[in-house]
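Enquirer: For the sequence shown, the residue numbers in mature numbering (1 follows the signal peptide of the UniProt record, and there is no 0) are -21 to -1, 1 to 287.
Treat the hints as calculated values from the structure; they're not laboratory data.
Given the structure is predicted, the values throughout are model-derived calculations rather than measurements.
Accuracy of the hints is not assured; some may be wrong.
Claimed, not checked - With a straight-line Cα cutoff of 25 angstroms, these simulated DMTMM-like cross-link-like pairs (lysine to aspartate or glutamate) come out:
(1) K160 - D196
(2) K205 - E120
(3) K86 - E73
(4) K256 - E139
(5) K119 - E17
(6) K150 - E85
(7) K22 - E108
(8) K248 - D227
(9) K155 - E108
(10) K121 - D236
(11) K242 - E219
(12) K256 - E280
(13) K24 - E139
(14) K149 - D236
(15) K109 - E17
(16) K150 - E125
(17) K149 - D196
(18) K153 - E139
(19) K257 - E108
(20) K153 - E125
(21) K91 - D174
(22) K91 - E120
(23) K119 - E129
(24) K15 - D93
(25) K124 - D105
(26) K240 - D275
(27) K22 - D196
(28) K24 - E85
(29) K109 - E146
(30) K91 - E81
(31) K86 - E102
(32) K119 - E260
(33) K32 - D148
(34) K54 - E81
(35) K54 - E129
(36) K205 - D227
(37) K15 - E108
(38) K204 - E176
(39) K204 - E260
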Amino acid sequence: MITRKKFSWLALLMVAIFALAACGNKKEEEKSSTDKVEMVDYKAKNGTISIPKNPKRVVITADSFAGYALQLGIKPVGLSSFALSNKYFGDRIEGIEDIGAEESPEKIMSLKPDLIITFAQSENLDKLEKIAPTVAILPKEKSFKEEMTEFGTIFNKEAEAAQWISEWDKKVAKYKPQVQKAVGDQTVAILGVGDKEAYAYGNNFGRGGEIIYGEFDLEMPKLVKKQTPKGTGYASFSIEKLPDFAGDYLFVESGGDTYSKTKETGLWKSLPAVKNKKVFEIDSTDAFFSDPISLDQQIEEIVGNLTK
């Protein structure tokens, strides 16, 4: 038999239990609210995408953009094999998962990304978009400074992006007079040598072109300028026409049997730059990249070669 006194104690106990339960629910709601990821809209080539304001697990399949993230302090959880082969990244890429030469959706999914960055031309774009918010970017559409600003927006690192651009401009202002004084009105060509064709690169196709032509305003050989629209992209030509495309200074992609054989030909040895020992070899893989980390090291190499 429950007395009135026992009933009062029981009622108080039930009230206390409900109060504790309500408090616990409130804390869970607060925790849930705290853990909620803040999203922002970003206009990419594949439309306006809702992306994490501060992404934690980024996968970058677009090789040439990896260095932008790394420079801004964002360490991707996954990068392509080609991006990971860039010597300029050094120990910044330690522990990053290799997603292979192809952007395997299965491999990328296993990394549980909260943001994916890929090329707009990616054949797997639809599949990647189903895994996580995916930003598609068109390569070479913007200058490297414009790209740095864009990545500052993507990663909520606008101040850091602006700081790098400022430091870069100071570096260029320091080196440009030295380089222009050393080179004068002589021409500089950036070449790649294939089996039957050779290539001359312009001011936005890596291989140091952004620095040599874009920042230092050095002269291209006339034929290179004519055949690369506004100095951009690249021009291909037959090996026999090397003298027409070669400059007073040559930066040449090294590696491979073709280049080794070409160096032994009379045609190559007849080039003024070869005779004057103004030929500088660049690694075809590392020279491909024109991101902030790569550029910071390439500029030192280029200045060293042109002013020695």
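Enquirer: What are the numbers of the hints that this structure violates, sorted from low to high?
Expert: Checked against the structure, the hints that fail are numbers 4, 5, 6, 9, 10, 14, 19, 21, 22, 25, 26, 27, 29, 33, while the rest are satisfied.
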